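What follows is the residue order along each chain.
2 protein chains.
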Amino acid sequence: MDIEHWSVLILVNLCNLLASLNDDVDIGYAAVDSICDYYTNLQNGTIPVKAKVQPGYLIDQLPTSAPENGQDFNEIQKDFNKLILPGITHWQSPSFFAYFPSNSTFECMIADILSSSVANPGFNWICSPACTELEQVVVEWTAKLLGLDKMFWGSSGIGGGVIMGSASDSAFTAGIAAREKALRYLSVENGVKPSDYGEIEIPESIRNEYSQKLVIYGSTQTHSLAAKTAVMLGLPFRAVPVSIEDNYSLTGQNLKEIIDKDISNGLIPFLIYATVGTTSTGAIDKIEEIGNLIKKKYPKTFLHVDAAWAGVAYALPNYRKNLKLNEVNEFANSFCTNFHKWGLTTFDCSIFCIKDRKDLTKALDVTPSYLRSKESDQGIVIDYRNWQPALGRRFRSIKLWFVLRSFGIKGFQEHLLRGIDHCQQLEKIIKESSNFEIVTPPSLTLIVFRLNPISSKEDIQLDDDELNLMNQDLFKALDLRCDIFLTQTMLHSKERNMYVIRIAMGGVHTKFSDVEEAWRIVEEEGQKILVKWKAQRAIE
Amino acid sequence: MDIEHWSVLILVNLCNLLASLNDDVDIGYAAVDSICDYYTNLQNGTIPVKAKVQPGYLIDQLPTSAPENGQDFNEIQKDFNKLILPGITHWQSPSFFAYFPSNSTFECMIADILSSSVANPGFNWICSPACTELEQVVVEWTAKLLGLDKMFWGSSGIGGGVIMGSASDSAFTAGIAAREKALRYLSVENGVKPSDYGEIEIPESIRNEYSQKLVIYGSTQTHSLAAKTAVMLGLPFRAVPVSIEDNYSLTGQNLKEIIDKDISNGLIPFLIYATVGTTSTGAIDKIEEIGNLIKKKYPKTFLHVDAAWAGVAYALPNYRKNLKLNEVNEFANSFCTNFHKWGLTTFDCSIFCIKDRKDLTKALDVTPSYLRSKESDQGIVIDYRNWQPALGRRFRSIKLWFVLRSFGIKGFQEHLLRGIDHCQQLEKIIKESSNFEIVTPPSLTLIVFRLNPISSKEDIQLDDDELNLMNQDLFKALDLRCDIFLTQTMLHSKERNMYVIRIAMGGVHTKFSDVEEAWRIVEEEGQKILVKWKAQRAIE
Chain A
1 MDIEHWSVLI LVNLCNLLAS LNDDVDIGYA AVDSICDYYT NLQNGTIPVK AKVQPGYLID
61 QLPTSAPENG QDFNEIQKDF NKLILPGITH WQSPSFFAYF PSNSTFECMI ADILSSSVAN
121 PGFNWICSPA CTELEQVVVE WTAKLLGLDK MFWGSSGIGG GVIMGSASDS AFTAGIAARE
181 KALRYLSVEN GVKPSDYGEI EIPESIRNEY SQKLVIYGST QTHSLAAKTA VMLGLPFRAV
241 PVSIEDNYSL TGQNLKEIID KDISNGLIPF LIYATVGTTS TGAIDKIEEI GNLIKKKYPK
301 TFLHVDAAWA GVAYALPNYR KNLKLNEVNE FANSFCTNFH KWGLTTFDCS IFCIKDRKDL
361 TKALDVTPSY LRSKESDQGI VIDYRNWQPA LGRRFRSIKL WFVLRSFGIK GFQEHLLRGI
421 DHCQQLEKII KESSNFEIVT PPSLTLIVFR LNPISSKEDI QLDDDELNLM NQDLFKALDL
481 RCDIFLTQTM LHSKERNMYV IRIAMGGVHT KFSDVEEAWR IVEEEGQKIL VKWKAQRAIE
Chain B
1 MDIEHWSVLI LVNLCNLLAS LNDDVDIGYA AVDSICDYYT NLQNGTIPVK AKVQPGYLID
61 QLPTSAPENG QDFNEIQKDF NKLILPGITH WQSPSFFAYF PSNSTFECMI ADILSSSVAN
121 PGFNWICSPA CTELEQVVVE WTAKLLGLDK MFWGSSGIGG GVIMGSASDS AFTAGIAARE
181 KALRYLSVEN GVKPSDYGEI EIPESIRNEY SQKLVIYGST QTHSLAAKTA VMLGLPFRAV
241 PVSIEDNYSL TGQNLKEIID KDISNGLIPF LIYATVGTTS TGAIDKIEEI GNLIKKKYPK
301 TFLHVDAAWA GVAYALPNYR KNLKLNEVNE FANSFCTNFH KWGLTTFDCS IFCIKDRKDL
361 TKALDVTPSY LRSKESDQGI VIDYRNWQPA LGRRFRSIKL WFVLRSFGIK GFQEHLLRGI
421 DHCQQLEKII KESSNFEIVT PPSLTLIVFR LNPISSKEDI QLDDDELNLM NQDLFKALDL
481 RCDIFLTQTM LHSKERNMYV IRIAMGGVHT KFSDVEEAWR IVEEEGQKIL VKWKAQRAIE
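Residue numbers (the numbering used here), protein chains in the order written: chain A, 1 to 540; chain B, 1 to 540.
Bound-form chain A, shown alone (with noise of 0.2 Å):
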């Protein structure tokens, strides 16, 4: 399938199901105005990535209380073209390429109204057998697509996966299995015996005297939902340094040397997150070294791997080795990626998978008498409730069910591989660039770089420091623009810190042609900052 007609097939399409029959209700044409002028013009550039407007541009001119009588659908609807679209960072601009894409496609459009059509809490099977069942389908599906081992799937019995609103919960309820699997594994150590049902109770003493010990532990370059986690457990983190030199990911070596420390010093490791696919670089840590150490030294600690960016690229077979997915399937307990990032799924949508379902309802099971049902006391279904932290659930599933349809595993494939071919040709351009560096290996669709102008005739090594004032400037000036939207990061490392610039590919609608313009843009500002340093520099 030709990815790039699929997109204007999906216009086309969403114009014809929101185009109103009846002219005197023109509810209809309202919608239709608004998302098909919507995405032609984001096509053809004449809405800018970034909004125009100011803090409190909507604020102020919007009423300060609910209006006392209803209003006009049509109004309200008007008001959305007016009013919101104008403050809308546009994700699904093909220009979009900060942070990650956050991909929204036309079956998950349709699949949002379908489940708000059957709306309801999902918290029970009882709730909504269909969106239970299709989760339990459809999360094996992702499983499968992507090469996890069979202990991730559901249909083990054992292991099985859940969609969750985002990484970050994703990597809490993983915090929150680890730190009962090592309060029940440090009972079992301190004498507890199990029930008759098997089932090993923390006893209060054992949480009193443990519970404060417990540390996480991941790297300088984890994401933030890491130290955040941590924040909510109340549990201190170790964000452990990494070398340039490992290309920023986390090393067996490094991670046992903070843990040993903290070992002598009477704390117990209970928690690594590893990354494959930083936030910042893309690296991806020894999850290999790692997994044995904790195979070896540290039994009580639990391994989840945040994939969360990075995790949808398992779908391609010739790329699962440089991403180590053997190594997930080996060592980790756990396992998140985010299909509502490249993945094709408007958010949310992530991903949790893990090898034995009993860390999290062993955890997370907490069911008073309005909740039961038969199903559920039998035995014999799935109260996804226990598998997360809230209670309610939105009807996820089916936006993943009509994406993974309508692309079929070959059109997944191929909208990734597409991202990538934009990488690849993109790094030879930099390459190419006398004005820029690329500071660590492109990552899939991610290159960092920064301005660094290495081959110009003055023949001047920059130190770091200088590098970073003159990064940011730049840095600066393209954030000003709204014609191009990029992140900018503090590469933190063992040998030095850089101030870099993120260009990460892979939107739906982006084609090469949309990145060769946010690439002239940068050379451009670029070329604008090096002319001012030159100029300063021959003042001085």
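None of these hints come from the bench; they were simulated from the model. Any given hint could be a false lead.
Note that the list lumps identical chains together, so a pair holds whenever it fits in one copy or between two copies.
[What the hints assert, rightly or not] Result set (DSS-like, lysine-lysine): computed pairs, CA atoms no more than 25 Å apart in a straight line: (1) 410 <-> 150; (2) 532 <-> 374; (3) 362 <-> 213; (4) 476 <-> 295; (5) 297 <-> 358; (6) 300 <-> 256; (7) 358 <-> 144; (8) 410 <-> 78; (9) 374 <-> 528; (10) 261 <-> 494; (11) 431 <-> 532; (12) 52 <-> 321; (13) 296 <-> 321; (14) 295 <-> 256.
In this text the structure is predicted, and so the values were computed from the model without any measurement.
Assemble the complex: chain A is given as a structure, and chain B must be docked to it using the hints.
Just chain B, lined up with the frame of chain A:
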């Protein structure tokens, strides 16, 4: 506005909206077929409220992996009708009386498709200024609609509100804020001085010494979200007993007894969940008593009021006194109500308001460089990621905006009053029934009853054990039927334990004739149980 007329209008509009102009592209028709047929069939009773499916019905019908090639979208849509709808529990059915309603409206279906069309993860203001600002505006609209004190309003610059996914998320977030606040309090008590910026940093030593001494309180009637929050925070939850004479409310005296026992054991109360409208019976805790206790005796304690279901009724000025609005305004640190229950807004839309927003941001702000933006750095915008556990968030405010504008305050109030009227009419009917008793005073739209042949000619007083068994039999019989859906609950109190049945009204499509029909079924099944029971007694 006539709400019943509105329901029909919704259906007509939706059909028109989705109908396709172009015969070649019949995707629109498929969506129309699906949603219009669905709502028509719900209204005329062709589709009973409960799904007739058995566990595994859908898993057995779907392929075990995603298709290799993309499929025709028409086929996928058809499968929604063929496979998904039969497995839906119809929360939008006029005969849905289980749990609490989860109303969905036309406005929200449109809002969801618009939200998908501009999909973004919404974590920063710059992620989409419109998303952040619309949320600020409509949450303030709700705060005013409900009569919440100005301290809860975002425009106060001190407090403010945010839309969460569920009341569980709100309660958990309150829990994190409360714990950090208590630890800051304890830090000050232990001599920690504010930083140059006036901030109290909690030393590791304080965290280690006090974290495991913190205790959460609610009643035996508090929603399971409290026990689950306790699990997630790794802290104990005390379910304080309640009395029938207090109508299942948590009282200051009962609470004080448990807290004082904990304090004498060296523990520290830091969080109380009070409820306005408990799930089981709609009880309202004695917020003034609890609040005064906190004020006078437990100043480290944070009071979160969970009004998940009943809170929207504050939109009715005449009901505010009974629902203790003044007490909430005076004593609560934070407050939650779900517009996605009775409040016409499709799941998910939980409003969480707090009097001091810094309680949230001090606990939840973890900002790495790649999430920084110039607007945030200047402190002139809200970044809602610092008000919630997860990073990413959906554009939920658009649903609420559409609902509040379409219905207006008056239409919203009329919808609420209609549900209350149904409840009052049903109350009369049950009171006249010789076989049933109402076990607690009806609350807004909730009636809790049990089969109890009090005025049967045998004139025999049955004890609770016998009645519990009899009502379990009744619930089992009702639960086997697909044309009625109620929920059971066990009412624990100091005096006795009663197995009872709940009927929760307030559905947006429910007419009083639907309530009457549900009650007819209850009477019919109750009669059968009584006949069986009398036959059984005759044998004995």
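Which of the listed hints are broken here? 4, 12
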